[in-house]
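Chains as they are written, first to last, in this note's numbering: chain A, 308 to 446; chain B, 308 to 446; chain C, 308 to 446; chain D, 308 to 446.
If you're looking for bench data, these hints aren't it; they were derived computationally from the structure.
Hints may contain errors.
Each pair may be met inside one copy or between any two copies, as identical chains are not told apart.
Think about it this way: if two alpha-carbon atoms lie no more than 30 Å apart in a straight line, the pair counts; the simulated BS3-like pairs of lysine-lysine are [stated by the list, open to error]:
#, residue 1, residue 2
1, Lys392, Lys440
2, Lys341, Lys419
3, Lys419, Lys336
4, Lys392, Lys412
5, Lys440, Lys419
6, Lys440, Lys336
7, Lys341, Lys440
8, Lys321, Lys440
9, Lys392, Lys326
10, Lys336, Lys412
11, Lys326, Lys419
Protein chains: 4
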Amino acid sequence: MYDSNRVLASMLSKDHFSKWLGIIIDEHKDGYCKLHYLIREEMLNGFGIVHGGVLFAAADSAFAFACNSYGRLSVALDVTINFVKPAEVGEVVYAEATEIYCGNKTGLYDVKLTNERGDLLAVFKGTAYRTSKDVAGNG
Amino acid sequence: MYDSNRVLASMLSKDHFSKWLGIIIDEHKDGYCKLHYLIREEMLNGFGIVHGGVLFAAADSAFAFACNSYGRLSVALDVTINFVKPAEVGEVVYAEATEIYCGNKTGLYDVKLTNERGDLLAVFKGTAYRTSKDVAGNG
Amino acid sequence: MYDSNRVLASMLSKDHFSKWLGIIIDEHKDGYCKLHYLIREEMLNGFGIVHGGVLFAAADSAFAFACNSYGRLSVALDVTINFVKPAEVGEVVYAEATEIYCGNKTGLYDVKLTNERGDLLAVFKGTAYRTSKDVAGNG
Amino acid sequence: MYDSNRVLASMLSKDHFSKWLGIIIDEHKDGYCKLHYLIREEMLNGFGIVHGGVLFAAADSAFAFACNSYGRLSVALDVTINFVKPAEVGEVVYAEATEIYCGNKTGLYDVKLTNERGDLLAVFKGTAYRTSKDVAGNG
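Generate coordinates for the entire structure from the input sequences, incorporating the hints supplied.
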């Protein structure tokens, strides 16, 4: 039997880059994850706004936690991201991943990135390939 | 008159996150950029492979350097990425951005991510919105 | 002053391919369009299911009617589509376009394709470039 | 043993919508397909240019013929398309599908749409899911 909390704990304990991002999980359940993090100076690009990769990364973490929540090891296959509004130093950014579809081999997830005022920053849509392996390494 | 070297120097000098990634520019010219970086432990996700955001980020930097090369401030509008093969600690990853199209308001760029053996890791396609501003802040 | 009904009527009157598809508009308002059509034999591909282009086309029409609803001539820049479930001859397919974001130069729209039982067939996300021209040719 | 010509013949014989499009195959081999067709009045949208779905459809056919060329039944999972330039009545449009990657479960294909003068009209990138079934129904 899987346990989505145990799956998340197993993933987070080894996730060095999510730690560097400073990700804090707000809510996690089957097919869903909401998290937030603070934009720091070292996350900026040459135009003084958050680097696209840093926004993408937080959405990608939320996506990974949502699509692996069932305990089946799932990996990102394809992702599209639309950038709507930049984020600046000191802003808290939220990433909320919801499930659009979960089939036998693939799953489809939507992640919305917003700031504290609720402004939409970016929209992320990811397709996961669901392997036949366990996340935790065993049952 | 713009100078693509000056544009790149101006962007890089303030690009904190590209510095954190350890990006080294191999070649830069109008509509083109090739760079590489080393995968470090702090770039890994919970499965012991490079975090998707770290692969995306390097491609996004190459894309930004290519589409801003003409001196017109350009920002990412939409990006799609397809993940083909993971990268591990100690691998050197190359990102090569080439121009598919450059119009008055938008530009379209392709970025291929490969490892030292030439294996394809990911394919990135980005649409830039070309503003009417200068990258360097003046002419 | 624009009038979204007049905009739609102007677009539909000349839209030969939407006519061929047999599109019927269920609802149309600012930033929104819902329509449906029937899958016919001539819409099938070589595997006996609806051709991907025929599903895309209906979503693209809903997207165009939604993003042009304000009277500003808008054209598709980038689109992503995820195919979830095929449709067969005799099925009625619904396309519902909703606005995620509408800025000065670009707009972002989500289109869901479903069948009569409410099964999700495909998810479409489109970025529109908003020109400075009028849809109707004048005000 | 598969035979890519036999696979193509089997697919084309039942492909009603590709017939409606008037698709003519210029070249077909493993992982590759080039085709062309003529833009007719019934393919236009409300702005007097080719409907986005009609451009997508030809690229989708080229993609399907390329990714099914090995005889393994393959279906489109995700597609992204970037529209660069419209096509008008009387233009001949070419779609050329090339393979970026072909793995065990998925394949990645690039399709370029051009007109007779070689102008780029659109760029299509498709991910195929490779089932364990045969295209031709037997070996």
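Against the structure, the hints come out as follows:
1. Lys392 to Lys440: between (38 Å within a copy, 17 Å between copies)
2. Lys341 to Lys419: both (10 Å within a copy, 23 Å between copies)
3. Lys419 to Lys336: Both, since 17 Å and 24 Å are each at most 30 Å.
4. Lys392 to Lys412: Between copies only: 13 Å across, 34 Å inside.
5. Lys440 to Lys419: both (28 Å within a copy, 29 Å between copies)
6. Lys440 to Lys336: within (20 Å within a copy, 35 Å between copies)
7. Lys341 to Lys440: within (25 Å within a copy, 36 Å between copies)
8. Lys321 to Lys440: Within one copy only: 18 Å inside, 38 Å across.
9. Lys392 to Lys326: Both, since 24 Å and 23 Å are each at most 30 Å.
10. Lys336 to Lys412: both (20 Å within a copy, 28 Å between copies)
11. Lys326 to Lys419: both (20 Å within a copy, 27 Å between copies)
Consistency with the previously given hints is maintained throughout, with no hint failing.
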